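Enquirer: Chains as they are written, first to last, in the numbering used here: chain A, 55 to 328; chain B, 24 to 410.
For the record, the hints were derived by calculation from the structure and aren't laboratory data.
Values in this document were obtained by computation on a predicted structure and should not be read as measured data.
Check each hint, because a few of them may be wrong.
Chain B is faced by these chain A residues, among others (derived, beta-carbon under 10 Å) [as the list claims (entries may be wrong)]:
| id | residue |
| --- | --- |
| 1 | R84 |
| 2 | A103 |
| 3 | C108 |
| 4 | I111 |
| 5 | E142 |
| 6 | V228 |
| 7 | L277 |
| 8 | D284 |
| 9 | G317 |
| 10 | A321 |
| 11 | V324 |
| 12 | R326 |
| 13 | S327 |
List of simulated lysine-lysine pairs, BS3-like, C-alpha gap at most 25 Å [as the list claims (entries may be wrong)]:
| id | chain 1 | residue 1 | chain 2 | residue 2 |
| --- | --- | --- | --- | --- |
| 14 | B | K393 | A | K95 |
| 15 | A | K225 | A | K56 |
| 16 | B | K87 | A | K233 |
| 17 | A | K308 | B | K294 |
| 18 | B | K393 | B | K116 |
Ideal Cβ placement from N, Cα and C applies to all residues, glycine included.
Okay, here's what each chain looks like letter by letter:
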Amino acid sequence: MKITGYDHTNRGVGIRNLQLILPSVVCSTRVSSRIATEVSKQYPAVTFAHQHGCGIIGNDVGGITEYFASLAKHPNIGSVLIVGLGCETIQGNELAEKLLKENSSTKYLVIQESGGVQGTVDGGVGAAKELNVTYPPKQAELRDLHIGIDLSNANLVAAELVTQLGALGIKTTVSSSHKNSGLNFSELMEAGVHLIVSFPDENQPASGFPLIPTLNISSNSPLHLALAADFDLAGNATVAQIIELIEAVGNGVKTKVEAMGAGEIIAPRVVRSV
Amino acid sequence: MSNELTGFPRKDGRWGFRNQVLLLPLHSALSSVARKIADASNGAVAVSHDWSGEHDGDYDRIFKTISGFAANPNSFATIFLTLNTPHELEIIKAAQKIGVNNTEIINLAELGSMDKLFEVALPIANDLVVQAKKVARVPAPWSALHLGLECGGSDALSGITANPALGVASDRLVELGAVSVLGETTEILGAEHLLAARAITPEVGRQIVEAVARYERSINYEGIDMRGAQPSRGNIEGGLTTLEEKSLGAAKKAGNAQFTGVLDYADAAPKPGLYFMDTPGHDTEQLTGFAASGINIVVFTSGRGTPTGSAVMPTIKVATNTPMAESVPDFIDLNAGTIADGTETLEEVGGRIFDEILAVANGQLTKAEKGLHHEFSLSRMYNTVIS
Numbered sequence: 055m056k057i058t059g060y061d062h063t064n065r066g067v068g069i070r071n072l073q074l075i076l077p078s079v080v081c082s083t084r085v086s087s088r089i090a091t092e093v094s095k096q097y098p099a100v101t102f103a104h105q106h107g108c109g110i111i112g113n114d115v116g117g118i119t120e121y122f123a124s125l126a127k128h129p130n131i132g133s134v135l136i137v138g139l140g141c142e143t144i145q146g147n148e149l150a151e152k153l154l155k156e157n158s159s160t161k162y163l164v165i166q167e168s169g170g171v172q173g174t175v176d177g178g179v180g181a182a183k184e185l186n187v188t189y190p191p192k193q194a195e196l197r198d199l200h201i202g203i204d205l206s207n208a209n210l211v212a213a214e215l216v217t218q219l220g221a222l223g224i225k226t227t228v229s230s231s232h233k234n235s236g237l238n239f240s241e242l243m244e245a246g247v248h249l250i251v252s253f254p255d256e257n258q259p260a261s262g263f264p265l266i267p268t269l270n271i272s273s274n275s276p277l278h279l280a281l282a283a284d285f286d287l288a289g290n291a292t293v294a295q296i297i298e299l300i301e302a303v304g305n306g307v308k309t310k311v312e313a314m315g316a317g318e319i320i321a322p323r324v325v326r327s328v
Numbered sequence: 024m025s026n027e028l029t030g031f032p033r034k035d036g037r038w039g040f041r042n043q044v045l046l047l048p049l050h051s052a053l054s055s056v057a058r059k060i061a062d063a064s065n066g067a068v069a070v071s072h073d074w075s076g077e078h079d080g081d082y083d084r085i086f087k088t089i090s091g092f093a094a095n096p097n098s099f100a101t102i103f104l105t106l107n108t109p110h111e112l113e114i115i116k117a118a119q120k121i122g123v124n125n126t127e128i129i130n131l132a133e134l135g136s137m138d139k140l141f142e143v144a145l146p147i148a149n150d151l152v153v154q155a156k157k158v159a160r161v162p163a164p165w166s167a168l169h170l171g172l173e174c175g176g177s178d179a180l181s182g183i184t185a186n187p188a189l190g191v192a193s194d195r196l197v198e199l200g201a202v203s204v205l206g207e208t209t210e211i212l213g214a215e216h217l218l219a220a221r222a223i224t225p226e227v228g229r230q231i232v233e234a235v236a237r238y239e240r241s242i243n244y245e246g247i248d249m250r251g252a253q254p255s256r257g258n259i260e261g262g263l264t265t266l267e268e269k270s271l272g273a274a275k276k277a278g279n280a281q282f283t284g285v286l287d288y289a290d291a292a293p294k295p296g297l298y299f300m301d302t303p304g305h306d307t308e309q310l311t312g313f314a315a316s317g318i319n320i321v322v323f324t325s326g327r328g329t330p331t332g333s334a335v336m337p338t339i340k341v342a343t344n345t346p347m348a349e350s351v352p353d354f355i356d357l358n359a360g361t362i363a364d365g366t367e368t369l370e371e372v373g374g375r376i377f378d379e380i381l382a383v384a385n386g387q388l389t390k391a392e393k394g395l396h397h398e399f400s401l402s403r404m405y406n407t408v409i410s
């Protein structure tokens, strides 16, 4: 079984070719969104809202920095523009310098040093377009994929899926630490998975992660049955159907949440904010 | 300029100075669609957050934050996007108890898909925006005004220019009968004894000191040194040396008035006067807590400059120094650096801030509003990873 990948050099071969506009602090999320909206008219770019990057202490400083670094190093990402405010706890320039050592397709902009909002949006759009390296599609095997399983709702199909993917030589990482898919997605992202198969808790809707195509498999709970249209497969789906869909997504077919442009980041925090 | 304050009276007795149509997701998975509807609409606003219904140690705080935010008097209407879980329905009820001018509830579970929700919600939002624009302002008493005092990205001039000038404006408003609220427990650490001495009763003074002590205990409990976050690296680059120095400057925002009371995070001020609210120093967590408490206008002083704002509260940015005000003109509304330049007095800049508050309350848009800065953060006292 073949899939279409993009050889993102040191980031690895991804199944999406996305430019990440990464706000290093909540204060730069709006500017990042404006840059992403503009460049998305020409090529696929992604950003997200979050509330992190400042007012953090202790292990969260290193933890959130590492989390952002994992996003920037993800195989589905072709290039990264980090947008910082300037005075935040997580210093984007240090993060960028560290990331640049591994991937030259990395740039950094500071709002406080770029003439304000419009200056940063204009500068950011220019920088992002310069960064947008062309990566020709590269054929790869299904077994080259690393698949994440969000096991918020443990079930037999999921267990069988892990077994069968293993038999096909496909690397899987299972996250069942939380009932909250969003936190499991973050763990899976940090593990570098290309694609997530999510079995959300019976009382949670379908959801996704911005850089990682996420397939949502329904349970037979009342909420999931009511929201059947948001799920990629119903609760009675077979493992063969799931694998067939994984192959399609590996060839560029969008998952339901991906097509809706949905996907939130829930970054793990270990300490209260200050 | 007219000295008359005008606004929109709400049925619950509070006043709004804006007529926002707010799309409020009650689950993190509804954040994306909320933003999408706002972007496609003719002026509705949306916030995003990362709460997915967890019923953990932070539940009460999150409950209070989201329900209070939903009930901010600057909203003409709040459109709740919900999965109709019992917790979400409780939040809507709590918001309505505080006062929601117009409530719309859009239930994803009933509509069956995000696409359908988008289709249904967009015309509702657009219609409410049209209705909101038709409402005329009427003269408002000064007690209608609930001012939030915030500083972020402080520098060595904060305590000399913008903060004491804001203190002048705050004192005038308190004297006229408005509410003024100082936040940021982190940033009165080291200055709490000075604020406590201005408390209206010894009990209020004790509460101010206790808020700081409680804060210090919770940080010490974590076994970590808060330096690294406070003063932040940006503060240090801006010339601040210690947290105490930062605090002495930050406290100047509250002028010289007496403190009427101490508010817990997101709690409303019960009557006119100057208050201290126990909030984090994190700018958007503080702004979100202010909005949840019913504050309807904010003045935000900054040494380094920040574009952030709120979906429901106009947020006036005051620069502490002229070079910054000139280098990032599209997010600074007013420059207090003239005090350090020697071209204006503290009283003069305080007067300009007062006039700006009045003009903005009466409808003049702030830079953050024009830039559609609607940042939102949930403040948590516990971690998110160990459930």
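Enquirer: Evaluate each hint against the coordinates.
Expert: Verification of the hints:
| no. | hint | verdict |
| --- | --- | --- |
| 1 | R84 | holds, 5 Å |
| 2 | A103 | holds, 4 Å |
| 3 | C108 | holds, 6 Å |
| 4 | I111 | holds, 4 Å |
| 5 | E142 | holds, 7 Å |
| 6 | V228 | violated, 17 Å |
| 7 | L277 | holds, 6 Å |
| 8 | D284 | holds, 5 Å |
| 9 | G317 | holds, 6 Å |
| 10 | A321 | holds, 8 Å |
| 11 | V324 | holds, 5 Å |
| 12 | R326 | holds, 5 Å |
| 13 | S327 | holds, 5 Å |
| 14 | B:K393 with A:K95 | holds, 23 Å |
| 15 | A:K225 with A:K56 | holds, 16 Å |
| 16 | B:K87 with A:K233 | holds, 23 Å |
| 17 | A:K308 with B:K294 | violated, 54 Å |
| 18 | B:K393 with B:K116 | violated, 32 Å |
Violation of the numbered hints given earlier is confined to hints 6, 17, 18; the remaining hints are satisfied by the structure.
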